[in-house]
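**Q** In the order they appear, the protein sequences are chains A and B.
By our numbering, the letter at position 173 of the first sequence is numbered 173, and the numbering carries on one by one without gaps.
Position in the second sequence (from 1) plus 317 gives the number in our numbering.
There may be inaccurate statements among the hints.
Short, incomplete list of chain B residues facing chain A, as computed with Cβ under 7 Å [what the hints assert, rightly or not]:
1. Val368
2. Met406
3. Gly407
4. Leu455
5. Lys457
6. Gln634
7. Asp637
If you're looking for bench data, these hints aren't it; they were derived computationally from the structure.
Idealized CB from N, CA, C, for every residue including glycine.
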Amino acid sequence: MMSDPIIQTFNLTKLFDQKTLAVNKLSITVKPGIYGFLGPNGAGKTTTIKMLIGSLFPTEGRIEIFGKDALGKDIADIHKRIGYVPENPTYFMDMTGEELLEYVGSVFKIPQQKLISRISNLLRLVDLQDAKSRKIAKYSAGMKQRIGIAQALINDPDLLILDEITSNLDPLGRSKMVNLLKGLKNEGKTIFISTHILPEIEKMEADSIGIINQGQLILEGSIKELNEKLGTKIIKISPKHDLLREKLKHYALNIGETADELIIESDNPDQVWKIVNRISMENDIIINKFISSGLEIEQLFMKAFDITKKDIGVENK
Amino acid sequence: MINLIGMEMPNYPTFEWILFGIIMGIISIFVFIFYIVYKRRIIEINSSLMVIFKRKLKEDKIKITIFTLISIIPGVIIFLIFTLMSTLMGGFDIIQVRIFISYIINFFLLYLGIAYTIAFTSTGIINAKRNGTLSWFLSKPIRRWEFLWGRILSYLFTSIMISVACSLSILIGGLLTFDPLYIEEILSIAGFIFLINILALLTLTAIGVFLSSVFRKTGLAIFIPIFMFMILPTIVGFLPIVVRSEWPLLFSFSYYFEELSSAWISQFGGGLSSIYLAYSELLGIDIFTLNLSAIHIVLILIILSISLFIISTLYLQKTDIP
């Protein structure tokens, strides 16, 4: 089913002080679901997000959110349907969690009765009911991020923009956050999340990803589309046999191993299968496992950078 | 006019009720319109302005309380000093009272002004830019000008609190210390102090908001008011007489406040300008060439404040918030 894009940018460019090109002709399309906006530190992710929320003005290009011009008169209407969580939230530390939610509710002019029940639901959702009367200054990093999510959800937004929200969290906090975001996705919200921590995007089951480096979009699409585009497969072969490793190294883009498997990265899995089949027949090797699968996000990310280096000469930092 | 001990008294202006009435009238009209718009929710965006305004007041409530309490100090000093003087000397002249109050007000405004600018205005917007608060607000249905004016209104509220506290303290201190014969004089002095304070704080708010909107680093936004308020007049004061020029004082706001204080309260100047006068009298030359009347100074300060508010608003509308 085709769905209308939630966010679209067209040749978005940001030049700081006439010399630093932070974002370079970035055109992305975010459809409903989870969109992972990936890139190394300094790639231009936060600059892009700040342009999306209207904090920075693009030097060139256009932004459409919910089909409306996000740089024009509709900005206030768009912002009523957006929730934003910054990388390092510095919410009002003198407030308690509950007071913050009440305050943000007043910013959105939510009627008092509705606000009370929504605050209660959100505190339950982010598991901060017991800490609602505590000052935010006394919250842990994970609790601050969770109250950040709650404040971003107070207006029941259609789009959540999250900037590196998991980078300061411990593994348990990250796991909770991933589950929370998956739940929000199931409620029909679109989540635009920027991060450089790739396994989380994998765990969130992102519908599509955009990979950015030095302000330029390198790859964009669903994991499936990107795998098809790159044509590279990961083949797991068991048992790991020296002969197999020796013969396959000429046909593999990359070769590695685990305790009992050979891991082959190849853009021609059929040929790999033929070779494995022939060697196993000739040498009486019983193949227990031959699984060909697409690249995982981390591998896609690295692959995208390899291609960029070769094709357009962009150097990864 | 001859005073009680037979000295010729300067012709002090009576309190300018018309000017006071105009300023109060403008403030009342603003408050009234604001109240109506807010209550009836005629324009939705104005509610956002109130959200920012109320939040800023809540955030600054301790600072506002401290500054309001500090503003009582001049009244307390006057009460203590004149009680002591009347005990020791049996009485005092109203001219001495006016000069003394003028000194105290100049001294008070100099330090309170700098402290107010640093504590509230010149760092407020910069901090909001630096710590991401402004960026966060902009992701909500709040416009840039609403954020700025919500904050400006809270600063103006603080200015009014400080001015009222300072004038009331002097009024009460004066009423407790002086002969009831001087009640009209004391009312006039307290009223003029209110006008001087409100004009000074309005100007300092405008300067602070402007610096805070334009600069990205707090250092410069703090240094510039200190330079204009303290360092510049000192530099001018240390220049050799023959090359001294008063035009840099046009950029020193303490000069304007001193001049107002001189024109409305003491007629001899409170600090710097009286030193110049002493110099010029000593040397027999007229070095004090800036003869701005009170109304000129009021106009300069009001026009400057309005211009800076407009420039700050336009600048913030168009500038990137990192």
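**Q** Indicate, hint by hint, whether the structure satisfies it.
**A** Evaluated hints:
1. Val368: With a closest approach of 5 Å, the Val368/B hint holds.
2. Met406: This interface hint is violated because 50 Å lies over the 7 Å limit.
3. Gly407: violated (53 Å)
4. Leu455: With Cβ-Cβ at 5 Å, under 7 Å, it holds.
5. Lys457: It holds, given that the least Cβ distance between Lys457/B and chain A is near 5 Å, below 7 Å.
6. Gln634: violated (10 Å)
7. Asp637: holds (5 Å)
Going through the hint list in order, the structure does not satisfy hints 2, 3 and 6.
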